[in-house]
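*Asks:* Could you put the whole structure together from the sequences, leaning on the hints where they help?
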Amino acid sequence: MKTLRSFPGNRIIWHAIIVGVVWLLLLLLNNNIDPLYSSYLALVAMYATAMFGMTILVGLSGQVSLGNGALMAVGGYVFALTSMNWQTVPFFGWEWNAIWSMVFAGLGGVLIGGIIGGLAARLKGPYLAGLTLGVAVGVPAITNRFPELLGGENGLMLTVPYPAGGYAAIDAGGEVATDEGGDAAVDIETDAGATGEDQQYAELDLSEFDQGTDPLAEEDLLTEDDLLTEDDLLTEDDLLTEDDLLTEDDLLTEDDLLTEEDFGAGGDLGIDENVVDPTEDPGVDGAGLDGTDIAGGGFIDGFDSEFIIERWQASMAIAVACIVAFAALNLVRGRQGRVWKAVRDDPVAAAVVGISPSGSKVSAFVVSSLFAALAGAVFAQILSFIGPGAFGLGLSLSLLVGIVLGGRASLLGAIIGALLLVWLPELVDGLSGERGWPEQITNNAPNLLYGLLVVAVVLLAPGGITGTFKSWIDKAKGRGRATLS
Amino acid sequence: MTNFVDYLLGGFSNGAVIALMALAIVLVWRSTRMVNFAQVGQAMFTTYVALTIQQSTGSWILALVVAMAAGLVLGIVVFFLVIRPVKNSDSTGAIIATFGVLIALQAGAGMIWGGDPQGFLTPVDNSGIEFAGRIWPISLYDVLVLVVTAALVIGLTLLFTKTNLGLSMRAAAFNPEVARLSGVRVNRMLITGWAIAGATGAVGGVLIAPVSTISPNSFDILLVFAFTAAVIGGLDSLIGAVTFGIGTGLVISLVSGYSDSGNAPIVALILLALNLLLKPDGVFGHHGARSV
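Listed in order, the protein sequences are those of chains X and D.
Take the first sequence: its letter number 256 is residue 256 in my numbering, and every next letter is one higher.
Take the second sequence: its letter number 230 is residue 230 in my numbering, and every next letter is one higher.
Hints should not be assumed to be uniformly reliable.
With a Cα cut of at most 20 Å, we get these calculated DMTMM-like pairs of lysine to aspartate or glutamate [said to hold, decoys possible]:
# : chain 1 : residue 1 : chain 2 : residue 2
1 : X       : 124       : D       : 281
2 : X       : 124       : X       : 346
3 : X       : 341       : D       : 90
Here are a few chain D residues that sit away from chain X, every Cβ distance over 12 Å (derived from the structure) [what the hints assert, rightly or not]:
#  : residue
4  : 3
5  : 9
6  : 60
7  : 132
8  : 137
9  : 160
10 : 183
11 : 238
12 : 283
Since the hints were made in silico from the structure, they are not lab data.
Treat the numbers as computed from the prediction; the structure is a model and nothing was measured.
C-beta atoms are modelled at their ideal positions from N, C-alpha and C, and glycine is treated no differently.
*Replies:* Shown next, in the form of structure tokens:
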């Protein structure tokens, strides 16, 4: 093992094996849990992707930046704009693909991150934090500057490029997707937890529901109405009056079986009342059989394809997170990681041995911006929406919180931090449901906890969760106390 | 030209508030050599306290005084609980800790007072004064804001130049070791700095609240403006903070007037970046007083 590690090539192979196994396990997990948990898994993977960059920037390079939320917005907007406007890749003419949008989102992050990093390399400590704070607060202003292109305060709705087969099949069930997107958005916004931006969030929600429900209302209700007239209620009435209903027991049980199958499966998938309502219209009561046969076609097709949107989101987010984790592992545990730490601990000494301190700082910025932009593109796909409200100062602050709690200089810490960011609000939500706390307590409790925990961790356990465990293990082994890294 | 004068005049009272917040940041910097990113969060919290007082008693003066007292106490509490333990051990950690305080204060305010923006009544009329045949973009309330700010700035200047306490504080900030040898209780001076900063920020919060509404996040943008003003002023200069605080207010007013108020943060960001690149010591800062 030790001899293997001394060869860089073999270290990369080891990292590939570790990441590959984790990827496989996560995909297995994703396919065997409730879709609700899959949506949490997607969020955790997305946060982890962004926070691997924070590990490098804040932990290894020692630069406190609040700009990473803004860089996620850059990635999200580039993804949204390219995926909505491009049929082919410009200059090359290749057929457009979601992966191209991811690539361009990453490039956008590298470009903006390089600019901010170039400025930032000349600054340190509070000056950098203050400048990037300005970036985080300035993002909404920039989106307002170009309302036609970026959608202003309301942001952009995004047609998520689902994989080919599934996308066609779920066309009829599309409203389910947008509804889920809306729910996820609400969750995340309370997570990101900018307490006072309720108004803004309310607007966002409204816009989503407008656009989410409009197609539903138009398409479905109209066709339902048509179906009702086609059905000829008169013939149903005739049947009712003519026949002995008691003797037609067989037909009734058939009806029941059909509806149970169709709508039982639909209910599991979390169809909203809206979708079920039309079939429960009083007029259709008698015509249950015909109504479901004709109207149900679309729905049944949609769900027979077994395309579960949360599972797809999670597998996409996991894929990005694993690729980023592989890159981060190689960087952090390779030469570049030592360069970053050297500059963080003593820039003068690092310069003496031939390391450029400013070059090292810029490279940390660029790498973390790349990761943040990719995470932003994933986030935009999970929300099927991109807007300034969800990518504001609150998001930047939660990335900082996550990285500090998990462990500033550890990639594992980033994953633990991501888990905390998703799990803690759910925990509070659950508790509040049991105890019946008022809404304003529930909404703010996670952030209060985050703030207090950050202060406590900085004061009592600067290494965060992973650093503390490491120092316990080292102590148990009889070694000296572990430091930050 | 009339527009230009109007925009300029309209920027003074906002500038005064930015100056107060910048002053608070500078006072903290002078005492502990760190930027308190929770400063504006503390001001937000004390402004909510003032709002509660005003709603229950109807007195603006009482609200202002209680807010100042609350700011004083909050400054001391934050210093003792967070800053003193972390100050010397970990400079990155100190910055992160002030953000932790900011998050906790915002969430706490949201818990107690809710997230909806609330209005704050003005003690005097807040519509443009009519004088010499036209309505000017300055209200009686703006005049009050300027008077209160001026009084506070003069008071602080007298404190620092004419009193023993001010001299001790300057000594403790300038060279803690020598000051300690000369019998200055340095630690006490640091606490005093944080307390005065807290009270100054609290006044700024109460003054701005009627103009912008108050919500847990509504002062975020003020933090950016105040930080910009403080850094351009040199971060350890009181006169710099006041000058560039008001200057920032005027620039924002002009930008808002000629284009859109949404552009103000972008302009502040550009000013800050240019300053940090071209004149990193700030305009009033002493060279070598800090290294950027």
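*Asks:* Hint by hint, say whether it matches the structure.
*Replies:* Taking the hints in turn, this is what the structure says about them:
1. X:124 / D:281: holds, 13 Å
2. X:124 / X:346: holds, 13 Å
3. X:341 / D:90: Distance ~15 Å between residue 341 (chain X) and residue 90 (chain D) Cα, so the pair holds.
4. 3: holds, 22 Å
5. 9: holds, 24 Å
6. 60: holds, 23 Å
7. 132: The assertion about residue 132 (chain D) holds, with a minimum of 37 Å to chain X.
8. 137: holds, 23 Å
9. 160: holds, 22 Å
10. 183: holds, 31 Å
11. 238: The claim holds: residue 238 (chain D) sits with its nearest Cβ about 18 Å from chain X, beyond 12 Å.
12. 283: Non-interface label stands for residue 283 (chain D): nearest chain X Cβ at 15 Å, farther than 12 Å.
Of the hints listed earlier, there is not a single one the structure fails to meet.
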